[in-house]
Amino acid sequence: MRRTARVAASLVLVVGACGGDDDDVVVLADGMAVVDAWARPTPTGARDAAVYVTVENRNAPADRLIGASSARCMVMAPHLTVIDDDIASMSQADAEADLLALLPGGRVEMNPNDLHFMCLGLTTPLVLGDRFDIVLQFHAHDPVTVPVEVADR
Amino acid sequence: MSAPTIDPLDPIDGDVEATSPPRGRHRLRTFSLIVGTPMLVVALAFGAFSLFRPHIYSGTVMQAPTAAPSMDGLEWTDGTPVDLDALQGDVVVLYFGYTGCPDVCPTTLAQVGKALDRLGDDARRVHVVMVSVDPARDTPELLGEYMSSYGPEFAGATGPIDAVERVASTYGIFFARGDDYGNGDYAVDHTATLMGIDTSGHLRIVWPATLDVDRLASDLRALL
Ligand SMILES: [Cu+2]
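Chains as they are written, first to last, in my numbering: chain S, 1 to 153; chain E, 154 to 377.
The hints are simulated quantities; they were obtained by calculation from the structure and are not laboratory data.
No residue lacks a Cβ here, since even glycine has one placed at the ideal position from N, Cα and C.
A hint or two may mislead.
Claimed, not checked - Label pairs and their computed distance ranges (CB to CB):
no., chain 1, residue 1, chain 2, residue 2, range
1, E, A239, S, D133, 45 to 51 Å
2, E, R330, S, R131, 33 to 39 Å
3, E, Y210, S, T123, 28 to 34 Å
4, S, D152, E, L377, 23 to 29 Å
Could you put together the complete structure from these sequences and hints?
In structure tokens form, the structure reads like this:
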């Protein structure tokens, strides 16, 4: 399984096929698809940021997102924000957690106040309209580079 | 909301009028007077109700609003003491957060910014104040730059940790050092609600962190 996933992943098929700025979709040959990746512009002085990625498994072999990296961040890690009884707290999302599982037909969706990739130690502020690359790491697939749109959503 | 116009004397379109015999037409007119007049009254009453109906807030409104507790011991980022009384006449949106907050605070502040955009010129009568729950790292310089990047209505307040703790607790705000990121950086867990202080200086309303921009804007408009 792991081997087939790797072979499939090496045949990256479509990049940015859908036109418009907002809907760059990176689809691997086996159907693993990164359908969204964005971050908010960072306020002056912010040292950390959150990046929101959505990955869909369109019937590729089961896999799991395990991490990410970018030249714009010293460290990146999957994090989960929880707002419980109005108190917001944040913790590392365990790489083994169901939250990051990509079963066939399933998806991992990151959103503000929820699951996100934490960008620890911004090398430069994120400016509205900016685009930068991050590399997504999977348990089985090869790493995939995707563009992140800096947007005020 | 405009009430639909109903003219009881000319109720039916041309087709019916042209083909109806005189007697039928008379009946029609009587019928439309009987039905149309009450409808007109109902429509007008509904219109009037919509106009004068009190605003229904999306946030949680205090049953007995009290004067917003003092922020003695805290300073604006230019070093002047925070005196909420000086802001009376304007609306204050109060938040407790920190500049190292990567997800919740920037999301909330961006939403508040969008709500202010919807208020147009009235936004000048709103002050968005973030009290730092991380005073050890949020220097006045850093906090000031951070807040002003959201716009002129945004200001930061900070002070010695004991003053911050006292003010937070009088506002019912919890905060504590949270997750360690492993690189020396750490999160600060905190109550993420927004509070609204009305133009008379009363703590009037609390909004949840996950708030809708349009609803916040309409609440703010009502507070102004
Ligand atoms: Cu985080």
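So which hints don't hold here, by number, going up?
Result: hint 3 breaks, nothing else.
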